[in-house]
Amino acid sequence: MTNREIQQYRKKYRHYDFRDKKKDEDIILVLRRHWITFIFKFMPLVVAVVFLVFAHYTLADWLAEWFFLEDVALLRFLETVIAMFLWLVAFIFWIDYYFDAWIITNHRIVDIEQLGLFKRNVSELELSKIQDVTTEIHGILPTVLKYGYLYIQTAGKKERFIFKEIPDPMRVRRLIVHLQKRAISREAQRLTVDNKSV
Amino acid sequence: MGYIFLMVTYFLLLFVFVMGNIIIVYHLLTFRLNKNLALFTSALLLSGSILLLIFNIYYFLNIDWQEVSILIF
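Chains A and B supply the protein sequences, listed in that same order.
Just so it is clear: in the first sequence, position 35 is 41 by this note's numbering, and no numbers are missing.
Just so it is clear: in the second sequence, position 4 is 94 by this note's numbering, and no numbers are missing.
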């Protein structure tokens with residue numbers, strides 16, 4: 007991992023922002039779960055939409071006849087109600103996926119975990135407090151699509167940070183280790199300056 | 091009685107739908123990790139919701155709910 011690569015990352019995320027971002031802090035990487043995990047979660051919804059479209063074109067007349075309805079307005083009405091709630095659920099899934107994020111900055115790592123609509127856990131870790139970084143890619147699909155877990159052992163209050171199903175965990179590990187070394191040397195420099203001034 | 095029950099259920103359903111929209115848009119706009127994407131997603135959600143709501147209200151007004159309540163209850 008070179009400084010040039012880090013500069014490229016910084017450029018990519020320069021328009022990004024998050025709550026409590028410090029003035030001298032630059033976002034280097036924003037990570038989310040791999041897109042395939044979102045597809046898996048979204049699949050039942052797609053099946054429901056396909057069923058709804060199928061029902062709209064084939065089952066409506068049959069159901070109207072079965073329930074002795076003069077027109078299909080009631081069935082169309084029920085279809086729109088189901089469609090409205092599928093639409094909402096799709097966006098709730100999106101929020102759950104999109105808001106589960108890990109933000110790596112030049113100072114710290116911020117772990118944001120969204121649980122449903124009303125619960126969000128946010129924890130952060132100073133880069134200099136990282137003790138160990140481990141990656142795990144387990145299974146056929148994760149191996150082929152290169153996604154997996156990354157575990158960070160810390161000296162802080164929350165002992166273990168887990169990046170779940172992130173794309174290319176090896177590359178992220180290299181980046182974190184590089185940033186950790188820089189943070190430690192920066193800390194050492196600061197301490198030296200402080201000691202000299204005392 | 092059945093008619094009132096159906097109407098109350100429908101308006102509760104509408105209330106949940108509208109509140110769901112408001113909460114999702116609030117989340118999207120306050121998280122603000124990527125402002126443009128948040129705006130786009132909110133616009134997509136609201137335009138889709140309004141469209142579905144128009145269809146829903148159109149069919150709602152075309153139904154004889156007295157007859158439906160007799161059929162159901």
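Just so you know, these hints were derived from the structure itself, not from any lab.
Glycine included, C-beta positions come from ideal geometry on N, C-alpha and C.
There may be inaccurate statements among the hints.
[Unchecked claim] A few chain B residues that face chain A, going by a derived Cβ cut-off under 7 Å, partial list only:
1. G110
2. I114
3. V115
4. Y116
5. H117
6. F121
7. G138
8. N152
Here's how the hints hold up against the structure:
| no. | hint | result |
| --- | --- | --- |
| 1 | G110 | holds (5 Å) |
| 2 | I114 | holds (5 Å) |
| 3 | V115 | violated (9 Å) |
| 4 | Y116 | violated (10 Å) |
| 5 | H117 | holds (6 Å) |
| 6 | F121 | holds (6 Å) |
| 7 | G138 | holds (6 Å) |
| 8 | N152 | holds (5 Å) |
The structure fails hints 3, 4 (numbered hints given earlier, in ascending order).
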